Amino acid sequence: MSVNVLVENREERLNSIIAYGGVSTEILGKFKEKCLKNADRSFTQAFQCQQMTSILTLITVKDAVMLIHAPVGCTGCASFMNSAFRRGQILRGVKNPINAKWVATDLDESDVIHGGEEKLREAILEIEKRHKPKIIFVLTSCASGIIGDDVEGVIANVSKEVDAKVLPVNCEGFKTKITATGYDACYNAILNHILDEEPKPKDPNLVNVLSPFSINKKDHIELERLLSAIGIKANFVPAYAGLEDIERITSAAATTTVCHVHGEYFMDVLEKKYGIPYTREVMPLGIESTDKWLLEVAGLVGKTKEAKELIKKEHERIKPEIDYLKSQLKGKRAFISGGPARATTAGTLAQELGIELVGLHLYHFDELVGEEIKRLVESYGSFNVSVANMQPFEQANLIQRLKPDLFIGVGTWIAKQGITSASVLDQLRNSLGYEGALVVGRKLADAVKNPSFGEKLAKWRKLPYKQEWFDENPFKYLKLEEVV
Amino acid sequence: MPQVVEQIRHVCTLGAFESVLAIKRAVPIMHAGPGCGAKLWTTLGLQNGCQGSGYVGGHAIPCTNASEQEVVFGGTDRLREVISNTFNVIDGDLFVVMTGCTSDIVGDDVGEVTRKFQKQGKPIVYVETGGFKGSNLEGHEMLIDAIIDQYLKPANEVEAGLVNIWSVIPYQNTFWSGDIEQLKGLISSIGLKPNVIFGPEGGVEALNNVPKAQFNLLISPWVGLKNVIKLKEKFDTPYLHYPALPIGPTETTNFLRAVAEFAGISSSVVEQVIQKQEDRYYYYLERAADNILETRLLPRRFVTIADSLYALGISRFLTNDLGLIPEKQFITDNTPIEYQNIVAAEFEKFTDNIVAEVVFSNDGGFVEDELKKIKFRSRPLILGSVWDRVVAKELKAYQLSVATPVSDHMVLSKSYVGYDGGLHLTEDVYSVVLDDFQ
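Just so you know, the protein sequences line up as chains U and W, in that order.
Following the working numbering, the numbering of the first sequence begins with 1 at its first residue and continues without gaps.
Following the working numbering, the numbering of the second sequence begins with 485 at its first residue and continues without gaps.
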């Protein structure tokens, strides 16, 4: 068995930060001068952990079972992911959708004292017996990490007794505040335990499209449509992929991803280890971002001419409706919130739809989206920027000051401030590619057209913050370290 | 048989923060790793009847998001900081510090930190709910115990007729808020004054009134028994333990009689209420009977796969009132061993000496295998969670989701409790059968 080289946290590897409050021109300046430091807050609200990210990255892999070495609560997100997985199967034409295959070792008080290694071993054997999977992903947890279970040792021993490939995914929640690190843990496991040392024979038209489970079927169809129009075969991995698709990764001519923040680590390793080149464009969300993404992918496999022609045709096709949507959205002031790739590209799309950007909230920030911020500053000039792993108390304060007409993101809290919203992340509808630009545009126009849901809710239900909080500086609780 | 859990139907001890959220203007403060909250509210809130998270739920919950720093060097400083700023930012009436695995394994002295705030007169309690300690049902008991020990004050006098209702577990029991409203209505109907802590009409004031109640009414096979015993010890409040959730006319009538007898209410008052309610129930059932008896589509055998409270209540109704026959009943709430016999005994008390076999397991994979071993002679009815849709399809069973997680229905104020609840359950069961032929 190969050694599982641990991947560094994104805090160290990419200088990712989770705490910032200021304006766009300032964060861009600091980023360029490399003086953005990570900080924390002296008041924080519940966030997510990297284990959740790892779980959702691998949950839809075919013929795989996920074993979470943890108390039963750590598998709590199973129920959501199972709903989404079942919906995903139905959208992919599966008549009898199955449940996500998912097991917890159910660590209890005795295991915490005496160690959970024996239980882990038995669980792996039980999974083999019950499900006979091709892959068993073993995910670590806060509890298994702190009590110091030798997960890799157990796997090395038990592997001889089972047919499945057993992969350790090191994703203890407390180890990082950048949840995207959980993607890297999964790809690291795939790299170290599934891919062969030598690349498979090249397929010049095959391009890996790294795709997390949050990318829905409609988006797959749209991206597949664009790529196949220029003669590219897409290998979507790992969401909804099988072992064969994963093994095929090393035969690809290039790698791209629907979200650079998701796939950057793996793409880089694939280039270094197997010489497979990759794209840097952040996400094909919005017209310009899709153009750039498509051109970049095409450039890597010698199909630039075809891509240019396709782009021209697509622009002509969508122009009439984009013009109409612009007429509906022109001058609306928007606040955008989301993961760094999605929120920044949504900013570009907003501009294409005639929307004014007043505030941008990113779950984290690092060099992967530096270019995107630059693009937004070039388009909009100065706007408010907040970097926070959720922390809705800060956002509520900011929203109260900025009073946008429209919120682009998950509008749960914002509704209680009477603001209408639409999301650019959707389980059913498109958000990527040219189709996505239209669908998102329609959603935004509808949200603006009838804001009554939030307006009514806001009259009856308030956010849980004291009035005094809204009078304070929204970034009061940032603990900024002095820059040396 | 190795101890593994597939297809979760409850979460860990820390999941009891949902019970805090169910008390109006009460605020949990989590001292836990960063993802604990999000995982637990996914199963209990989002994917369980789309219940959501309420006033200060979801990502709004104050949390230390414990990192390597807190694990290696201890997290009490961080906790102190977050608690004190919670008082600056969050508008609430009661605050409950709850710990996760990280804090409980490294041994942070959360009691010490909390007591300092208590001494300043802040309404705050703490409870150590590291996920490895058990289920959220046990976590709920630990939470109530902490509130009794650290927060409740003895009353000057007992208020005659005031009854504290302890029953469903908020968010774990998918229909809890509707259930509480129904229980409240039943208790009021016989002239008592219900005091409910959770749900749309509860709150911190109701909590403050707990010590002056005439008695505590526990409606649950086992969850909460510790709490009412503690309340007896601390405030000398007597309690009535009624194990079955009253669903439909037979159980609801028994329930009202038992409560009235315990409270010393004259039987003429109670019988009048019962007469009126049963008559209304049978007005509707008479009409349903035309269909049920003419088409004979209703399955005869049923299985429940649920927590002990819902499994018992539903199986009593389906057996005693709808005339169905119970096959194996699966109890998935990780019932502690000391309660398993008393829970199982309740499944021997059906009409016509019918007895149901009870299997305790919180491992959905095991339950699925057991289900496949049962020889059903016709299409059965399976009342479980959304996980069971797959095996139900395989077994050609009719399936209705009634227990965590329920992600195929939205549940707002709906309830199966009481006379009216029996009608709703009949509607839903029969609708599943009808829907299958559309």
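Just so you know, these hints were derived from the structure itself, not from any lab.
There may be inaccurate statements among the hints.
Unchecked claim - Here are the simulated PhoX-like cross-link-like pairs (lysine-lysine), alpha carbons at most 20 Å apart as the crow flies:
(1) U/95 - W/603
(2) W/856 - U/129
(3) U/218 - U/95
(4) U/95 - W/880
Claimed, not checked - If you want the ones that stay clear, here's a sample from chain W, every Cβ over 12 Å from chain U, calculated:
(5) 550
(6) 763
(7) 774
(8) 852
(9) 890
(10) 895
(11) 896
(12) 921
As the list claims (entries may be wrong) - Facing chain W, a subset of chain U residues (Cβ under 7 Å, in silico):
(13) 39
(14) 42
(15) 126
(16) 173
(17) 277
If you're wondering where the values come from, they're calculated on a predicted model, not measured in any experiment.
Backbone N, C-alpha and C fix where the C-beta goes; we use that ideal spot for every residue, glycine too.
_Distal placement of residue 852 of chain W relative to chain U, Cβ over 12 Å_ = violated, 9 Å
- Message: Given residue 42 of chain U as an interface hint, is its Cβ closer than 7 Å to any Cβ of chain W?
- Response: Check passed: Cβ of residue 42 of chain U comes within 5 Å of chain W, closer than 7 Å.
- Query: At a threshold of 7 Å, is the proposed contact between residue 277 of chain U and chain W supported by beta-carbon distances?
  - Reply: This interface hint is violated because 34 Å lies over the 7 Å limit.
Margin query: What's the verdict on residue 218 of chain U and residue 95 of chain U, does the C-alpha distance respect the 20 Å limit or exceed it?
Written below: With Cα atoms ~18 Å apart, residue 218 of chain U and residue 95 of chain U stay inside 20 Å; holds.
Between residue 95 of chain U and residue 603 of chain W, is the straight-line Cα distance small enough, at 20 Å or below?
Measuring from Cα to Cα gives roughly 61 Å; hence the hint is violated.
Q) Non-interface claim for residue 763 of chain W: all C-beta distances to chain U beyond 12 Å? A) Per Cβ check, residue 763 of chain W is outside 12 Å of chain U; nearest 37 Å; holds.
query: Checking the smallest CB distance to chain U, is residue 896 of chain W really beyond 12 Å?
result: holds, 14 Å
**OP:** Could you let me know if the closest chain U CB is still more than 12 Å away from the CB of residue 550 of chain W?
**Re:** Violated, because the least Cβ-Cβ distance between residue 550 of chain W and chain U comes to about 6 Å, which does not exceed 12 Å.
Status of residue 774 of chain W, Cβ more than 12 Å from any chain U Cβ: holds, 35 Å
| task | Sort out whether residue 880 of chain W lies within 20 Å of residue 95 of chain U, counting only the CA atoms. | result | Holds: residue 95 of chain U and residue 880 of chain W sit about 15 Å apart, inside 20 Å.
Margin query: If I take the minimum Cβ distance from residue 895 of chain W to any residue of chain U, is it greater than 12 Å?
Written below: Holds, since 14 Å exceeds 12 Å.
Open item on the list: Please check whether residue 39 of chain U passes as an interface residue: C-beta within 7 Å of a C-beta belonging to chain W.
Closed with: With a minimum Cβ separation of about 13 Å from chain W (threshold 7 Å), the hint on residue 39 of chain U is violated.
Going down the numbered hints, you'll see the structure goes against 1, 5, 8, 9, 13, 17, while the others check out.
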